[in-house]
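Engineer: Below are the chains, spelled out letter by letter.
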Amino acid sequence: MTASDEPRRLHFTRFAMAAPFEIVLDVDRSEMELRVIADNAFDLLEHLEGQLSAYVPTSDVCWINETAAERPARLEPGLYELLKTCRQIHDETDGAFDVTVGPLIKVWGFFRRQGRMPDPAELDAARAQVGMEFVHFNDEDHSVRFVKPGMEINLGAVGKGYVVDRVVEALRRWGVRCALVHSAQSSIAVIGKPPVGEGWRLGVTDPRQPDKALGSLTLTDSTMSVSGNWEQFFKLEGKTYSHIIGPKTGCPAQGILSATVIGPSATVTDALATAFFVMGVEKTRQFCEKRREIGTVLLAGDSPDPMSVHTFNCTLEKGD
Amino acid sequence: MREGEKKSRRDLFRNAATLAASLGMTGIATGQGLDDRPFKLGLIGCGNHATLNLIPAALRVPGIRFTAVCDIIPARAANARRITGGGARVYDDYRILLREADVDAVIIATPLLFHRPMVEEAFKNGRHVFCETIMGYSIEDCKAMLKAQKASGKTLQIGHHLRYHPLYQYSKDHFFFWWKRVGRTTNIHCQWNVHGTWHKLRESLNGVDYRKWGYDEPGHVFDWHLYRKYSGGVMTEMTCNQLDIVNWFLEDKLPEVAIGVGQIDNKDGRTNFDNVHLIYEYPDGIMVTCDCITTNSFSPFGEAYVIIQGTRGAVVMAHLARYVGLFFLEPGAEEELWMPAAHRVTFETPNAAWRERKGPIILKGGASGGTNFEKVGNVLNITDVVDLETAQITKTPYQIEMLGFKKAALDEVKPFCDGQVGLRNAATILLGLEAMERKQRIVVPKDIIA
Numbered sequence: 001m002t003a004s005d006e007p008r009r010l011h012f013t014r015f016a017m018a019a020p021f022e023i024v025l026d027v028d029r030s031e032m033e034l035r036v037i038a039d040n041a042f043d044l045l046e047h048l049e050g051q052l053s054a055y056v057p058t059s060d061v062c063w064i065n066e067t068a069a070e071r072p073a074r075l076e077p078g079l080y081e082l083l084k085t086c087r088q089i090h091d092e093t094d095g096a097f098d099v100t101v102g103p104l105i106k107v108w109g110f111f112r113r114q115g116r117m118p119d120p121a122e123l124d125a126a127r128a129q130v131g132m133e134f135v136h137f138n139d140e141d142h143s144v145r146f147v148k149p150g151m152e153i154n155l156g157a158v159g160k161g162y163v164v165d166r167v168v169e170a171l172r173r174w175g176v177r178c179a180l181v182h183s184a185q186s187s188i189a190v191i192g193k194p195p196v197g198e199g200w201r202l203g204v205t206d207p208r209q210p211d212k213a214l215g216s217l218t219l220t221d222s223t224m225s226v227s228g229n230w231e232q233f234f235k236l237e238g239k240t241y242s243h244i245i246g247p248k249t250g251c252p253a254q255g256i257l258s259a260t261v262i263g264p265s266a267t268v269t270d271a272l273a274t275a276f277f278v279m280g281v282e283k284t285r286q287f288c289e290k291r292r293e294i295g296t297v298l299l300a301g302d303s304p305d306p307m308s309v310h311t312f313n314c315t316l317e318k319g320d
Numbered sequence: 321m322r323e324g325e326k327k328s329r330r331d332l333f334r335n336a337a338t339l340a341a342s343l344g345m346t347g348i349a350t351g352q353g354l355d356d357r358p359f360k361l362g363l364i365g366c367g368n369h370a371t372l373n374l375i376p377a378a379l380r381v382p383g384i385r386f387t388a389v390c391d392i393i394p395a396r397a398a399n400a401r402r403i404t405g406g407g408a409r410v411y412d413d414y415r416i417l418l419r420e421a422d423v424d425a426v427i428i429a430t431p432l433l434f435h436r437p438m439v440e441e442a443f444k445n446g447r448h449v450f451c452e453t454i455m456g457y458s459i460e461d462c463k464a465m466l467k468a469q470k471a472s473g474k475t476l477q478i479g480h481h482l483r484y485h486p487l488y489q490y491s492k493d494h495f496f497f498w499w500k501r502v503g504r505t506t507n508i509h510c511q512w513n514v515h516g517t518w519h520k521l522r523e524s525l526n527g528v529d530y531r532k533w534g535y536d537e538p539g540h541v542f543d544w545h546l547y548r549k550y551s552g553g554v555m556t557e558m559t560c561n562q563l564d565i566v567n568w569f570l571e572d573k574l575p576e577v578a579i580g581v582g583q584i585d586n587k588d589g590r591t592n593f594d595n596v597h598l599i600y601e602y603p604d605g606i607m608v609t610c611d612c613i614t615t616n617s618f619s620p621f622g623e624a625y626v627i628i629q630g631t632r633g634a635v636v637m638a639h640l641a642r643y644v645g646l647f648f649l650e651p652g653a654e655e656e657l658w659m660p661a662a663h664r665v666t667f668e669t670p671n672a673a674w675r676e677r678k679g680p681i682i683l684k685g686g687a688s689g690g691t692n693f694e695k696v697g698n699v700l701n702i703t704d705v706v707d708l709e710t711a712q713i714t715k716t717p718y719q720i721e722m723l724g725f726k727k728a729a730l731d732e733v734k735p736f737c738d739g740q741v742g743l744r745n746a747a748t749i750l751l752g753l754e755a756m757e758r759k760q761r762i763v764v765p766k767d768i769i770a
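Chains A and B, in that order, are what the protein sequence lines are.
Counting from 1, one number per residue, gives the positions in the first sequence under the numbering used here.
Counting from 321, one number per residue, gives the positions in the second sequence under the numbering used here.
Hint data in this document are derived by calculation from the structure and do not stem from the laboratory.
On a predicted model such as this, the values are computed, not experimentally measured, just so you know.
No residue lacks a Cβ here, since even glycine has one placed at the ideal position from N, Cα and C.
Some hints here could point you the wrong way.
Going by beta-carbon spacing under 8 angstroms, a handful of chain A positions derived as facing chain B [claimed, not checked]: (1) ARG35; (2) VAL36; (3) TRP174.
Could you build all of it, start to finish, from the sequences and the hints given here?
Structural biologist: This is the structure we're talking about:
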């Protein structure tokens, strides 16, 4: 293949949700048209960040947390459906995924990215305020209500996936047939397949050497999300505490180094990557046996034990 | 005594309370009871601004319900219907909506050219009106809209949303107007730089007769802001926000002189300037400069900001995706007691003058989202004025302006941003535009808005 035959791609990057967000578009039209598409996609991204972020005081999420214990909070339909999806995944994973873990994230110090060990009393108090079953939904007016005071939603475990889905949905509507979209490489979606090759080859990071890939997965018109313990954690007395907290135990999940999930929706794969991290190998295996459309690579192990690799409904290709 | 007389703390607190009352916040902000009186809205113009900013804000206001939506593009109207809850009746002709729909008030979020006829028609049909900025295509249009409002006795509010933003309110009170921490103000600079073509994606018009609505070409339905026939471009759609902050800080006085140059950098047939530079002379010796370019988004403080420069210091108010406020004390200026303990940004710079200068004090927010408005109370240790702040923390400026609009309409009180505010902002913008287009120094007639 000569250089002129190689497919050309344009990369557009914006910093959002505390991470780089990238849109890669194949050059199938003028660069100006692609730039207009990217600009409009980033407008959407900015809006969604303002809606979902727990760090933007005026966001819908902060507003829900402020008002929903006092009165129903009417939501934009997209956000309402997202919360309903979260409820559904919560039920399907027996509570391993729960967006009401906001109080737990705060007592463990992960909200400010300053992890710390909470004292037992504050941990108990925070745990008592967690539970998706305490969020009531009203389909009539798209409102939610907390039936316990002090509850807090945090969409950190699903927000990036949701944003990727919404951007991909917009790109498809605008006629894009070949693209890759990712938020900090933790939630990725691909549209179509690249002009060369069977699909988009995406690396699965080796959690013990995060700059290296353990293998790869090939995707077309699909999404992939990763939850790992190598980015946000703290160490105490030789033990590593990951930022992913088990909603039931109230403590950082142990035993899994990373969970990579592929499926048709980045919202779902993002949420499941967190859930599988909490559930561990056996429960994830059982889940994936029932849900054949969900592919998973779990990397398990506690240092200094050797790492074990578990794949369900997908094949991890070796090589770079 | 430092330069620039300081107002008393009591004055400031009184001002804050008055402002809160005028914004219609007293009940909700202080927890004195929920105003859930019903208020039926119609939306005219269902583009991005309406669907991304105005509708979500209005839905947060108890009692507000959208009963009608209107857009000439069917997909946009359908989308607005969906996100307003699915119960609104859909119109493609605003005149029919205004005549027939079950609405108390309408939001007008359409291209600038259409503001006047829509507002006049709304008042003719006895509706309250919330009209997006800038108020009108010309000063004459604004005056006609005010006349129609007066004749109807209904409310007219203009969407100057930055005036409802805590960052600007706080900076105005604490650094400029009341406490004058910046000293005697001589210069204000505002800017909004972006990197982009500003083209909007085109949707299917599904046979819409765009000419009937005054558009020359189908593409203009989406890119109307690029053409002078419909709008003043970056002046009337972007920098109007920063210049409105200037007008507000300067008590809505008009400039005395406007000078400007503009050019078109995107050579794609557009007729509006996309590279503008203005100088205004305001009363009391205050010079205001305003820039907007679209080829490069670089700026020291994010894409959009306003800087007040005085003899003691400078305050920077930047707002786009994040809210950032900074106070730079001039080298040698006396510090107040709270300042040494305030959270500062540190600079590493070889510039000698900057090394003498202490790092700026953070007023609000943070670039990474790691800090928030709660910090303000701690940083400044001023508790009696933070009440207004905390009351607004989780409300977007759009939400507060919708709260205010509902209260103004139902209680028949003057809105915080009424037609007079809109007229003065529009006059400022339009005079700057005229200076650029005529390539002349415009001396503003004293009676221009009479």
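Engineer: Please list, smallest to largest, the hint numbers that this structure does not respect.
Structural biologist: Of the numbered hints, all hold.
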